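**Student:** Following the hints, complete the assembly by docking chain Y onto the known chain Z.
Going down the list, the sequences are from chains Z and Y.
Heads up, the final residue of the first sequence is numbered 248 in our numbering, and it's a clean run with no missing numbers.
Heads up, the final residue of the second sequence is numbered 496 in our numbering, and it's a clean run with no missing numbers.
Any given hint might turn out to be false.
[To be verified] Listed below are several chain Z residues computed to face chain Y (Cβ distance under 8 Å; list not exhaustive): (1) L53; (2) A56; (3) V76; (4) G77; (5) W85; (6) H104; (7) L108; (8) N115; (9) E136; (10) R140.
[Unchecked claim] No farther apart than 27 Å at their CA atoms in a straight line, the calculated lysine-lysine pairs in the DSSO-like style are these: (11) Z:K151 <-> Z:K98; (12) Y:K346 <-> Z:K98; (13) Y:K256 <-> Z:K98; (14) Y:K399 <-> Y:K423; (15) Y:K382 <-> Z:K134; (16) Y:K440 <-> Y:K417; (17) Y:K383 <-> Z:K135; (18) Y:K383 <-> Y:K440; (19) Z:K8 <-> Y:K346; (20) Y:K382 <-> Z:K135; (21) Z:K175 <-> Z:K217; (22) Y:K445 <-> Y:K399; (23) Z:K197 <-> Z:K175; (24) Y:K466 <-> Y:K445; (25) Y:K346 <-> Y:K256; (26) Y:K383 <-> Z:K134; (27) Y:K399 <-> Z:K134; (28) Z:K151 <-> Y:K382.
[To be verified] Where chain Z lies over chain Y, by a calculated footprint (3+ residues, C-beta under 8 Å): (29) 312 to 325; (30) 328 to 338; (31) 345 to 355; (32) 360 to 367; (33) 370 to 382; (34) 401 to 408.
None of these hints come from the bench; they were simulated from the model.
Bear in mind the structure is a predicted one, so any value in this text is a computation, not a measurement.
For glycine and all other residues, C-beta sits at the position ideal for the given N, C-alpha and C.
2 protein chains.
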Amino acid sequence: MPEKFRRKPYELFYWPGIPGRGEYVRLALEVAGAPWIDVVRERETGMDEMMALMDASEVARPSFAPPFLRDGTTIVGQVAAILFWLGPRLGLAPTPEKGALWTHQLQLTIADLVNEAHDVHHPVGMGLYYEDQKKEAARRAEEFRTARIPKFLDYFESILTANGATESKPHLVGKSLTYADLSLFHTVDGLKYAFPKATGRLLKNRPLVSSLHAAVKKRPRIKAYLASTRRQPFNEAGIFRHYSELDR
Amino acid sequence: MPEKFRRKPYELFYWPGIPGRGEYVRLALEVAGAPWIDVVRERETGMDEMMALMDASEVARPSFAPPFLRDGTTIVGQVAAILFWLGPRLGLAPTPEKGALWTHQLQLTIADLVNEAHDVHHPVGMGLYYEDQKKEAARRAEEFRTARIPKFLDYFESILTANGATESKPHLVGKSLTYADLSLFHTVDGLKYAFPKATGRLLKNRPLVSSLHAAVKKRPRIKAYLASTRRQPFNEAGIFRHYSELDR
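Pulled out of the complex, with its shape left as it was, chain Z reads as follows (with noise of 0.2 Å):
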């Protein structure tokens, strides 16, 4: 059934309150103008659904944690999993075997830029508040800014260049938008966010990943998107947080 006549919404099930990384799945919605819910936002049971969808007790298949995705029958947990599910059906990504995987790939890579970022806030523990772990997070955000985020910058940067991306199609796999774009666009949103003078320096030297932000932010839907209400802004309880005293 294409998309366009379905019925049923995808339901998205993530802790209300930050993008985090629900994120990656709303953007994906967004972009292909498909029907979904923000289940924890939206319906005033959310919370409850989502707590027992996550107990083996009641489901089969949970999620170890949010965000997941449920779509009909199926429930599928881990953004990057939540994407290689959700990409052939929004128009998101090649489906041919090795184009598929590849884009997945070129996810999983985003994800451990994700795990990353939020670590620097988080460097002994995320049970632990930032305040309680000041000074080791000094440390690492001097790492991740000065060898990490330039690391995987220049790997996307690459990745574009081989793919014959220009400043006005930037993409990351093929000649179209695929999610691999949408969250590298939503990762160095963060990373603006999070370590503005860090990685506006470092986005000078990155024309390829800079068009590719500018590009997907100023597309109709995300546009829309961004100045709705059903996005949440970056804040201090997600993952790119922003703490001047980490940013240099």
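**Tutor:** Chain Y only, in chain Z's frame:
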């Protein structure tokens, strides 16, 4: 072409000297009896080949980091993506879309645990030595031992239970061995090496995870592999490191 008539071996590219993330791929190849080469260890030119294959000016789809696998003209990086590629080819995953993705989702969750295990000894920066971040590692290790390992092991125990696994047939997915079983085996093996006291204690109350570990370990091909020189022992340059001060 059935695997047993393959003439060209799979080529695994990974850093020599540690089991590392490459081990998840090695175990899948070994248990299936597939022909494969550990390129950097077995070919004099291996390291140069590996570096060249990560260079976007030489190949169209370079990986960000090892391990990656070459299968004829296809190169796949990221452990979870490699196993997603190998799964159906080696008979180590269900082939229907939903079952394949569920197995993959479990692999991605195992990968999250593996990342956290690595970060315990490198909380402040992967470019620094453990000796330069011992104090921070001690803080992180406490949370890992008391909150994170138990949470992950409980999750996998619950998945085994929901799948109807028994102590004699301890499988995460369906009724036969998948790469998710192999990966959970190796991760538990690594945790037993790195945190023998904490892991030993925790496994006592997770009988199905313990059974899975024991059952994989005594499979004939795994047993033969573990006793061979192809297997590299855990050590303090890898992901799972034993520092007695971090165990309790």
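**Student:** Now look at each hint and say whether the structure bears it out.
**Tutor:** Now the hints, each set against the structure:
no.	hint	in the structure
1	L53	violated (13 Å)
2	A56	holds (4 Å)
3	V76	holds (6 Å)
4	G77	holds (5 Å)
5	W85	holds (6 Å)
6	H104	holds (6 Å)
7	L108	holds (4 Å)
8	N115	holds (6 Å)
9	E136	holds (5 Å)
10	R140	holds (5 Å)
11	Z:K151 <-> Z:K98	holds (25 Å)
12	Y:K346 <-> Z:K98	holds (19 Å)
13	Y:K256 <-> Z:K98	holds (19 Å)
14	Y:K399 <-> Y:K423	holds (25 Å)
15	Y:K382 <-> Z:K134	holds (16 Å)
16	Y:K440 <-> Y:K417	holds (22 Å)
17	Y:K383 <-> Z:K135	holds (12 Å)
18	Y:K383 <-> Y:K440	holds (22 Å)
19	Z:K8 <-> Y:K346	holds (19 Å)
20	Y:K382 <-> Z:K135	holds (14 Å)
21	Z:K175 <-> Z:K217	holds (18 Å)
22	Y:K445 <-> Y:K399	holds (17 Å)
23	Z:K197 <-> Z:K175	violated (32 Å)
24	Y:K466 <-> Y:K445	holds (23 Å)
25	Y:K346 <-> Y:K256	violated (30 Å)
26	Y:K383 <-> Z:K134	holds (14 Å)
27	Y:K399 <-> Z:K134	holds (26 Å)
28	Z:K151 <-> Y:K382	holds (26 Å)
29	312 to 325	holds (count 4)
30	328 to 338	holds (count 4)
31	345 to 355	holds (count 5)
32	360 to 367	holds (count 3)
33	370 to 382	holds (count 7)
34	401 to 408	holds (count 3)
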